[in-house]
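*Asks:* Take the sequences, apply the hints, and build the full model.
2 protein chains.
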Amino acid sequence: PEESQSVVFDHAVEQLVPTELSLLLESLPIEARCARWLQVPDELKTSVLLGMRYQARDSIFLAMDESTLDLILRSLDAECLIELADNLTEEQIEKAFSYLDSKQQNWYQGAAEFDEKHIGRYADHKLVTIPPNAKARDALRALKRGTIDLCDQVFVVDKQGLFLGVIPVSMLLKEKDPMRMVRGMIETVPITVLGTDPLITATETLEHSGGYSLPIVDNDGRLVGRITQATALWIMKEHFESQLMAKVGLTESADLFVPVFKGARQRAVWLGLNLLTAFLASWTIGLFENVLSQVVALAVLMPVVASMGGIAGSQTLTLIIRGLATKQVTFRNSWALSKQELGIALFNGVGWAAVIGVVTWYWFESGVIGLVIGIAVMANILVAALSGVYIPLILDKCKFDPALSGAVVLTTVTDVVGFVTFLGLGTLLIL
Amino acid sequence: PEESQSVVFDHAVEQLVPTELSLLLESLPIEARCARWLQVPDELKTSVLLGMRYQARDSIFLAMDESTLDLILRSLDAECLIELADNLTEEQIEKAFSYLDSKQQNWYQGAAEFDEKHIGRYADHKLVTIPPNAKARDALRALKRGTIDLCDQVFVVDKQGLFLGVIPVSMLLKEKDPMRMVRGMIETVPITVLGTDPLITATETLEHSGGYSLPIVDNDGRLVGRITQATALWIMKEHFESQLMAKVGLTESADLFVPVFKGARQRAVWLGLNLLTAFLASWTIGLFENVLSQVVALAVLMPVVASMGGIAGSQTLTLIIRGLATKQVTFRNSWALSKQELGIALFNGVGWAAVIGVVTWYWFESGVIGLVIGIAVMANILVAALSGVYIPLILDKCKFDPALSGAVVLTTVTDVVGFVTFLGLGTLLIL
Numbered sequence: 001p002e003e004s005q006s007v008v009f010d011h012a013v014e015q016l017v018p019t020e021l022s023l024l025l026e027s028l029p030i031e032a033r034c035a036r037w038l039q040v041p042d043e044l045k046t047s048v049l050l051g052m053r054y055q056a057r058d059s060i061f062l063a064m065d066e067s068t069l070d071l072i073l074r075s076l077d078a079e080c081l082i083e084l085a086d087n088l089t090e091e092q093i094e095k096a097f098s099y100l101d102s103k104q105q106n107w108y109q110g111a112a113e114f115d116e117k118h119i120g121r122y123a124d125h126k127l128v129t130i131p132p133n134a135k136a137r138d139a140l141r142a143l144k145r146g147t148i149d150l151c152d153q154v155f156v157v158d159k160q161g162l163f164l165g166v167i168p169v170s171m172l173l174k175e176k177d178p179m180r181m182v183r184g185m186i187e188t189v190p191i192t193v194l195g196t197d198p199l200i201t202a203t204e205t206l207e208h209s210g211g212y213s214l215p216i217v218d219n220d221g222r223l224v225g226r227i228t229q230a231t232a233l234w235i236m237k238e239h240f241e242s243q244l245m246a247k248v249g250l251t252e253s254a255d256l257f258v259p260v261f262k263g264a265r266q267r268a269v270w271l272g273l274n275l276l277t278a279f280l281a282s283w284t285i286g287l288f289e290n291v292l293s294q295v296v297a298l299a300v301l302m303p304v305v306a307s308m309g310g311i312a313g314s315q316t317l318t319l320i321i322r323g324l325a326t327k328q329v330t331f332r333n334s335w336a337l338s339k340q341e342l343g344i345a346l347f348n349g350v351g352w353a354a355v356i357g358v359v360t361w362y363w364f365e366s367g368v369i370g371l372v373i374g375i376a377v378m379a380n381i382l383v384a385a386l387s388g389v390y391i392p393l394i395l396d397k398c399k400f401d402p403a404l405s406g407a408v409v410l411t412t413v414t415d416v417v418g419f420v421t422f423l424g425l426g427t428l429l430i431l
Numbered sequence: 432p433e434e435s436q437s438v439v440f441d442h443a444v445e446q447l448v449p450t451e452l453s454l455l456l457e458s459l460p461i462e463a464r465c466a467r468w469l470q471v472p473d474e475l476k477t478s479v480l481l482g483m484r485y486q487a488r489d490s491i492f493l494a495m496d497e498s499t500l501d502l503i504l505r506s507l508d509a510e511c512l513i514e515l516a517d518n519l520t521e522e523q524i525e526k527a528f529s530y531l532d533s534k535q536q537n538w539y540q541g542a543a544e545f546d547e548k549h550i551g552r553y554a555d556h557k558l559v560t561i562p563p564n565a566k567a568r569d570a571l572r573a574l575k576r577g578t579i580d581l582c583d584q585v586f587v588v589d590k591q592g593l594f595l596g597v598i599p600v601s602m603l604l605k606e607k608d609p610m611r612m613v614r615g616m617i618e619t620v621p622i623t624v625l626g627t628d629p630l631i632t633a634t635e636t637l638e639h640s641g642g643y644s645l646p647i648v649d650n651d652g653r654l655v656g657r658i659t660q661a662t663a664l665w666i667m668k669e670h671f672e673s674q675l676m677a678k679v680g681l682t683e684s685a686d687l688f689v690p691v692f693k694g695a696r697q698r699a700v701w702l703g704l705n706l707l708t709a710f711l712a713s714w715t716i717g718l719f720e721n722v723l724s725q726v727v728a729l730a731v732l733m734p735v736v737a738s739m740g741g742i743a744g745s746q747t748l749t750l751i752i753r754g755l756a757t758k759q760v761t762f763r764n765s766w767a768l769s770k771q772e773l774g775i776a777l778f779n780g781v782g783w784a785a786v787i788g789v790v791t792w793y794w795f796e797s798g799v800i801g802l803v804i805g806i807a808v809m810a811n812i813l814v815a816a817l818s819g820v821y822i823p824l825i826l827d828k829c830k831f832d833p834a835l836s837g838a839v840v841l842t843t844v845t846d847v848v849g850f851v852t853f854l855g856l857g858t859l860l861i862l
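Protein chains in written order, with our numbering: chain S, 1 to 431; chain G, 432 to 862.
Hints listed in this document are in silico derivations from the structure and should not be mistaken for laboratory results.
One or more of the hints may lead you astray.
Chain S stretches covered by chain G per the calculated footprint, using a threshold of three residues with CB under 8 Å from any CB of chain G [unchecked claim]:
1) 18–29
2) 59–67
3) 71–85
4) 120–126
5) 236–242
6) 250–256
7) 347–358
All values reported here derive from a predicted model rather than from experimental measurement.
Glycine included, C-beta positions come from ideal geometry on N, C-alpha and C.
*Replies:* Rendered as structure tokens:
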């Protein structure tokens, strides 16, 4: 197997496809990864690094020799330097900065003012700017001179760097009067994105605009760069990957291979948090030791009660979290949603409670136990529906990310409610 | 609250933002949704429908009068008709088809040959084609005539519809000789996407190409349309949303509000499946009734053992499923991954087993119970790590989607293994 993997790698090196090489390097254990890295041709090294996730990239930086590092630092532009900044020391960033030309230095400083949550930091700078007193002819020339393939509009910027507006390329191409002043061609109200807009907000503004790119301006109205659909694509990817990883307490940057101890530490926090909730569930069960020691069937059936509540609740939770992200779920329609979810829960609660009650009745030859578990399952599914609506709403209100902590809180609730009703009813009706 | 929601809606209607209206309509209960729909201006109706999810859209189609339906059918182009086809009857599709001009009819027929998993079905047709014997000048003219804002390249297509190649717009703009034949300007090996490529594959090809659009061709080499970054963006969104929804047995098209019975039915299957696994866990526990009735502490502590295995396993599972999607995880590196995951599991297993053992020892004043749960937790975490690597690999090999079923299978394994080791050890060491 090691053999065949190296064949794949050699092939990718020959084909010079940086993204493939990035993926392949990430899929190797650290030692093999660093060995293979040496085979990456110098001219691809920077793109290959940029295509990797933060942690995987870090493992390569840690093993990198001085001359390769210098080679990479020399090859960066403002955007790449921003992207790699977290992997670099202050000193290395300064060095790379000194290698930039003055235009790139300006872009870098503009972007570095924003933090990682803001779109300004990830502004794209492959754009064509022209002064307001240029003519249509000049704009077309600037466009032809530019080596930029993806130019849907040119940006009009004055001497102070203030953003004045955009002119679509299609309009420039159609303009009959080559001497027309650019200032007069500016579309009335250009949609702009603020540098301090959160990443997802900026992506949505772009999507709703229907265009390929939008200008990003800072609070003083200066052009910071542009956001393009290419940027939107990776923001979207990272956003969803973060959500998927957050469900198990990990981050998007998590690497398949990290030093074992480091990996263990990253995951330990989540295990510990969940241990607390498990102990809480155990403590709840412990309140009913008396009935448990006399009716062992209750102990046997506990997973059924917990599972039904947990699953039903997580269905509601998932729908609500998605709706929160698009702002379709708010406290405003939460009551309508609760009615909807309670209605669904009533159908499934009654139906499955009946099934479980009957199975239990036959299994343990006890109608009472069947009744107890039936009621407990139904109650738990109803509580789960309400919790599924309100837990994410409340977490969101309190500025916690429901995608991260919603499921933990929800299963804690359904576990505790499930065990209390089940074992509590058991104590009342059986003992 | 109802009041304020209608204010928001009226505002969006005034601003004429179709995507906002789509989101708002989706956030309303069906009755209110259909009432509000009547307020949407006719000229926005089609875009508003297109911006909604399948199920929500369906609720509006069900309440739609004949004349509005006809208005919408008349306003569709080939792409929109494909998008709405699932909401329409055969008859309605035929009617809409008859309203298309012959060019759009061709595009529609070309796209309809592909099924929902294939990129050909979702081809974009806002493109400029030119014949190979045209001149650079003609191509530029076609470009200026086109009302298409986002044109990064023109597509060279012969009389039979065969795709010959692309010419970047930047190249056309720079061309000095207006009489140069387009045939001679074609780039040597254009990257193309096959109409039968799966959606995600096509998206990746586009991403790796670094461009804005790529031609889509059918098996006979005819141009079907193009894939653009805008298409890639919604494919990516639906892909990740499907994954998030699949984790709770729902689909991406799920609506916040559906008729309650329909909603209950959609969720019932998943509850039933999980009930089976819960019963399996219960049955496993039932094998140890003897020890449970004598040592009630074991019943109390069961959630801790199950939870630790389930959480640790889901962390591995999530990493592996993500790696499978990028083809970074295969059977080829599964052994290296197992070693990695087992290493991490050993750290966390030993660490948390010790914590849990000591807590248990103090809680129940029994060293043996502490020892039993410690060993069980450690064993379960180790098994969870291995299962987290191999369950998704095997599911994938058997053509099951690990994102859908991986978690169910995994928790079944960790539940059963956890209960057997914990209660089995308890029987051996305590009784």
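*Asks:* If a hint holds in the structure, say so; if it does not, say that too.
*Replies:* Against the structure, the hints come out as follows:
Interface restraint, the stretch 18–29 of chain S with chain G: holds (8 residues with C-beta to C-beta distance below 8 Å; minimum three). Counting residues of the stretch 59–67 of chain S whose C-beta lies closer than 8 Å to any C-beta of chain G gives 0; at least three are required, and the coverage claim is violated. For the stretch 71–85 of chain S, the stated coverage by chain G is not satisfied: 0 residues place a CB nearer than 8 Å to a CB of that chain, which falls below the threshold of 3. With 0 residues having a beta carbon nearer than 8 Å to a beta carbon of chain G, the stretch 120–126 of chain S misses the requirement of three or more and the stated coverage is violated.
Counting residues of the stretch 236–242 of chain S whose beta carbon lies closer than 8 Å to any beta carbon of chain G gives 4, which reaches the threshold of three, so the coverage claim holds. Judged by the Cβ-Cβ criterion of 8 Å, the stretch 250–256 of chain S is covered by chain G as claimed, because 3 of its residues qualify and three suffice. A count of 6 residues in the stretch 347–358 of chain S with a Cβ less than 8 Å from any Cβ of chain G is obtained; the coverage claim is therefore met, three being the minimum.
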